[in-house]
Amino acid sequence: MKVLVCEDDEMVLKMVEFRLRKEGYEILLAADGKEALEKVRKENPDLIITDIMMPYLTGLEIVHQIRKDLGLQTPIIIVSSIGLEKTVLEAFQLGADDFITKPFSPNELSVRVKKLLMKAVSST
Amino acid sequence: MKTQHLRILIVEDDIVDRMTISKTLRSCDFSTELYFAEDAEDAIVQVSANAFDCVFLDYNLPGSDGISALKEISNQSPDSLIIIMTTHGVIHNAVDAMRNGAHDYMTKDEIQKDRCMQKLVSVYQAREQRLKKQQLERKLKETQDQLQTVINTSPIVLFSLNKDGHFILFDGKGIAPLGFQSSDIVGKHISFLSTTVPMAESLYLKGLAGESGNVVVHAGEFYFEIFYSPTYDEFDRVKGVTGVATDVTNLTRAKKMAEEAAEMKQHFIANMSHEIRTPMHAIISMSGMMLKTSLSNEQEFYAAQIQKSSSNLLVIINDILDFSKADLGKMTFERTAFGLSDISMQTIELFSNQALEKSLSLSIEVDPMIPAAVVGDPTRLTQILNNLINNAIKFTEKGSIKVRLMTKKLQHDQVVVGFEVTDTGIGIPKQSIEQIFDSFKQASNDTTRKFGGTGLGLSIVKRLVELQGGKIFVRSTPGKGSSFFFDITYDITDESKLLRPSVSEVDSISLDGMRILVAEDNNVNQFIAKKLLGDWGVEVHLAENGRIALEHLRENQYDIVLMDIQMPEMSGYEATELIRKDICERIRNTPVMAMTAHATQSEMERCIVSGMNGYISKPYSPETLKKTIHALTKQEQSSYTEASATKNEAGIFNMPQLQIPNSGNQAWGYDGPMLLQRPSPGKDSQSSARSLPINTGCRINLSYLKQISDGNDEFIIEMIEIFLNKTPLALEEMNEHFKQRNWEELRQIAHRIKPSFTYIGLHDIQKALGEIERLTLDTPEEPKNVDVLLTQVQNVSNSIFSQLRYELESMR
Chain A
1 MKVLVCEDDE
11 MVLKMVEFRL
21 RKEGYEILLA
31 ADGKEALEKV
41 RKENPDLIIT
51 DIMMPYLTGL
61 EIVHQIRKDL
71 GLQTPIIIVS
81 SIGLEKTVLE
91 AFQLGADDFI
101 TKPFSPNELS
111 VRVKKLLMKA
121 VSST
Chain B
1 MKTQHLRILI
11 VEDDIVDRMT
21 ISKTLRSCDF
31 STELYFAEDA
41 EDAIVQVSAN
51 AFDCVFLDYN
61 LPGSDGISAL
71 KEISNQSPDS
81 LIIIMTTHGV
91 IHNAVDAMRN
101 GAHDYMTKDE
111 IQKDRCMQKL
121 VSVYQAREQR
131 LKKQQLERKL
141 KETQDQLQTV
151 INTSPIVLFS
161 LNKDGHFILF
171 DGKGIAPLGF
181 QSSDIVGKHI
191 SFLSTTVPMA
201 ESLYLKGLAG
211 ESGNVVVHAG
221 EFYFEIFYSP
231 TYDEFDRVKG
241 VTGVATDVTN
251 LTRAKKMAEE
261 AAEMKQHFIA
271 NMSHEIRTPM
281 HAIISMSGMM
291 LKTSLSNEQE
301 FYAAQIQKSS
311 SNLLVIINDI
321 LDFSKADLGK
331 MTFERTAFGL
341 SDISMQTIEL
351 FSNQALEKSL
361 SLSIEVDPMI
371 PAAVVGDPTR
381 LTQILNNLIN
391 NAIKFTEKGS
401 IKVRLMTKKL
411 QHDQVVVGFE
421 VTDTGIGIPK
431 QSIEQIFDSF
441 KQASNDTTRK
451 FGGTGLGLSI
461 VKRLVELQGG
471 KIFVRSTPGK
481 GSSFFFDITY
491 DITDESKLLR
501 PSVSEVDSIS
511 LDGMRILVAE
521 DNNVNQFIAK
531 KLLGDWGVEV
541 HLAENGRIAL
551 EHLRENQYDI
561 VLMDIQMPEM
571 SGYEATELIR
581 KDICERIRNT
591 PVMAMTAHAT
601 QSEMERCIVS
611 GMNGYISKPY
621 SPETLKKTIH
631 ALTKQEQSSY
641 TEASATKNEA
651 GIFNMPQLQI
661 PNSGNQAWGY
671 DGPMLLQRPS
681 PGKDSQSSAR
691 SLPINTGCRI
701 NLSYLKQISD
711 GNDEFIIEMI
721 EIFLNKTPLA
731 LEEMNEHFKQ
741 RNWEELRQIA
751 HRIKPSFTYI
761 GLHDIQKALG
771 EIERLTLDTP
781 EEPKNVDVLL
791 TQVQNVSNSI
801 FSQLRYELES
811 MR
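So the protein lines, in turn, are chains A and B. Numbering-wise, the first sequence is residues 1 to 124 according to the working numbering. Numbering-wise, the second sequence is residues 1 to 812 according to the working numbering.
Hints in this document: simulated from the structure, not taken from any laboratory. A few of these clues could be false.
[Stated by the list, open to error] Partial selection, computed: residues in chain A whose CB lies under 10 Å from chain B:
| id | residue |
| --- | --- |
| 1 | M1 |
| 2 | K2 |
| 3 | D8 |
| 4 | D9 |
| 5 | R19 |
| 6 | E26 |
| 7 | M53 |
| 8 | L57 |
| 9 | R67 |
| 10 | K68 |
| 11 | G71 |
| 12 | T74 |
| 13 | S105 |
| 14 | P106 |
| 15 | N107 |
| 16 | A120 |
[What the hints assert, rightly or not] As a list, the in silico SDA-like pairs of lysine to any residue whose alpha-carbon atoms are at most 25 Å apart:
| id | chain 1 | residue 1 | chain 2 | residue 2 |
| --- | --- | --- | --- | --- |
| 17 | A | K115 | B | R7 |
| 18 | A | K102 | B | A49 |
| 19 | A | K22 | B | M811 |
| 20 | A | K115 | B | G770 |
| 21 | A | K2 | B | I492 |
| 22 | A | K14 | B | E718 |
| 23 | A | K102 | B | K409 |
| 24 | B | K108 | B | R7 |
| 25 | A | K68 | A | K14 |
| 26 | A | K102 | B | G770 |
| 27 | B | K726 | A | S105 |
| 28 | A | K22 | B | G770 |
| 29 | A | K22 | B | Q707 |
| 30 | A | K14 | B | D413 |
| 31 | A | K119 | B | Q468 |
| 32 | A | K22 | B | V375 |
| 33 | A | K115 | B | E718 |
| 34 | B | K409 | A | L29 |
By construction, the Cβ of each residue, glycine as well, lies at the ideal position given by its N, Cα and C atoms.
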């Protein structure tokens, strides 16, 4: 399973990578929105985890482009900080599947990832 | 054909015509039965006596005109079909007659076989149709009657509304409780019901919108389950709404009562748990203390018996509680790293004396393929093995008991372990083997008398296994012995995760010199805690309730607070919440351990929410008390596992603080805005900076990173390096933006670097940055206090950077 992680905070990025790689996922990293979309096009990941606040393209724009412009149904988890609940709602409206608030417990992240991937597999 | 039999009356005064027609009719392929009348009067007498299928009626009869004769006959016998016979050329008479109800006509010159045959076929068909219609009508009536019976006798209301919302049908015995009659409602608008059935109108509108559904609604003190659906006209347009409402008041009430009963049951269990455990705690602890004093042999025997019996009683009580929890679906499982063979061996060891007493051999065999460390619930495994081994010993008089652990399936990260407990005991009779796992069932009632026990053990074992995703089954030969098999799937983990405090380790723990506050209202429990702790060299202070505990905390510094939950005046929860909100950092940061007799899940949750760090459940063993206090007071909490604890004796809430937003925010931080907006007592900004409650002595805490990485040093080093690389730059940038008054840029950086501080345990700084973020949001002017906060963050960060560098050095 290929998971794309888009996050500009290096610590968070490393943490997610470390954790998910340990669980056996193949991890693709993107440090900004542009890179994220390129990787989505080229690598077609099975799941996308993206921060909301990102350089060039925000997480919302990423969700929008993946759903509308690329027409992909890849599950998307939004990573948000406390206080951005409104934005999370917007993300859901644009087609995000789940969200997690920073700082998050790694167990929670891995459970959410697993859950979404299973849902995606069973619906195809 | 018999069915083609027709009974016909010929009304004709002319003898020639009469003969002609009767002759012709006879020649037709119909079985006919002919009757004759010479005038209208005679005809009427005959039709009233006999049911005729058909009447051939001459239009020109003596003494009457054709039309009135026709009318009278058809009045008398509406089912008879009348065929008018007229003289050739006077067709208008015939037409007139047909307008007045005649079935057909025939001119006299047409009286010949073909013509007559046609007429008879038509009569015959008409008759068949009539019979069919009658039959259908009968059937319809029958159905209607049945339906009416249902409506009249069942607690339902049948209703139908037209497009304007008026009732066209409202009927059924279910109306009675509403205090209406059908006639009160029919013709009324739906809004007429709005006070009785508030939901009615909205359901009607839903139905009108083409929706159908099933809902339970309130009508006064009654409940109705309403099924509604739209009705359609011939063009498939919605023309109204129809449906059935069923009175489900009794059902709903019964369900409510059952739910209440279940809830009461749970409360009762929680309560009993408390009521039983409190005295048990005194009995077990004090008999233990008594055994340590100098006693005569006889006294020692008695005391030992008291302790042994009360421990056995506690096992039974725990069984019952567990059973109820499983019954209510409240059973929880923890995930801890533990050693399968260690746990199994330890369990076996507990039974070595018992086995020895009965001269049984007790052995264990562990498949070497079994991973050294797995993740799962060691306490529950112990519980399962305890039950099975205990049974095995109980039911075996001579021979052996063997425990085996086998690898059934080994994957990269998971292992399915098969467990087997085999004895050479009395075995289980064939007819009982199916029920052996049922609650309250033992092999026979004699078993209970002879061997004791609650009969819950195996039922709990089965649930414990199944709730962990496994299966259990038994093979047994009466007189030869039994084997219980079960399997559980565990995640495999690294052996380095195992840090188990062994018994000898407990001995090496020293609490000497600690100062501990015990908040507890029960004198006996006060005494026990004071005695145990005092023996270990601890300075013990007592508080009768939460309020007094807080007073003590204000005056003295304690290493930990042992907090009873149920206390008069102020409960343990309230006291802990106040401690976590206290303005004084020293008080805020004091660890609090719940001493609870309620070992229920909801109890644990309340402990976490109120901000407690761990718990111990009464009755506790001195060892567990010592271990738990030690674990809660030393720096590295996360390395503690409760692998050797059984029956959920104690635990530490290992959850990172930030997973519980509300209480977590208050747990370690300051009260943010409130304190900040308070006028500063000092005159210059320096003194106001000092009044800000960021602790300049903040210490980093790497337990979160360790938890994530499972103690992988390389990962932690990398994270620290990233932090050290980017944070000073970011802080510098923030300073620059502050000078340039670029509030938005300042805010963005604060937002970005905020989480990193939480990863190294500096929640105060994370909060301060959050506050900066809040203050700089959409502000054109210089926001107050940002300068002070920035300086604070800067100062504290410098100390943090050196701590981190030191940490890096030591890790390399």
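Against the structure, the hints:
| no. | hint | verdict |
| --- | --- | --- |
| 1 | M1 | 14 Å, violated |
| 2 | K2 | 19 Å, violated |
| 3 | D8 | 7 Å, holds |
| 4 | D9 | 6 Å, holds |
| 5 | R19 | 6 Å, holds |
| 6 | E26 | 15 Å, violated |
| 7 | M53 | 7 Å, holds |
| 8 | L57 | 16 Å, violated |
| 9 | R67 | 26 Å, violated |
| 10 | K68 | 27 Å, violated |
| 11 | G71 | 32 Å, violated |
| 12 | T74 | 25 Å, violated |
| 13 | S105 | 6 Å, holds |
| 14 | P106 | 5 Å, holds |
| 15 | N107 | 9 Å, holds |
| 16 | A120 | 21 Å, violated |
| 17 | K115/A with R7/B | 83 Å, violated |
| 18 | K102/A with A49/B | 99 Å, violated |
| 19 | K22/A with M811/B | 22 Å, holds |
| 20 | K115/A with G770/B | 31 Å, violated |
| 21 | K2/A with I492/B | 23 Å, holds |
| 22 | K14/A with E718/B | 9 Å, holds |
| 23 | K102/A with K409/B | 38 Å, violated |
| 24 | K108/B with R7/B | 21 Å, holds |
| 25 | K68/A with K14/A | 29 Å, violated |
| 26 | K102/A with G770/B | 13 Å, holds |
| 27 | K726/B with S105/A | 23 Å, holds |
| 28 | K22/A with G770/B | 32 Å, violated |
| 29 | K22/A with Q707/B | 13 Å, holds |
| 30 | K14/A with D413/B | 22 Å, holds |
| 31 | K119/A with Q468/B | 22 Å, holds |
| 32 | K22/A with V375/B | 15 Å, holds |
| 33 | K115/A with E718/B | 29 Å, violated |
| 34 | K409/B with L29/A | 35 Å, violated |
When each numbered hint is compared with the structure, violations occur for hints 1, 2, 6, 8, 9, 10, 11, 12, 16, 17, 18, 20, 23, 25, 28, 33 and 34.
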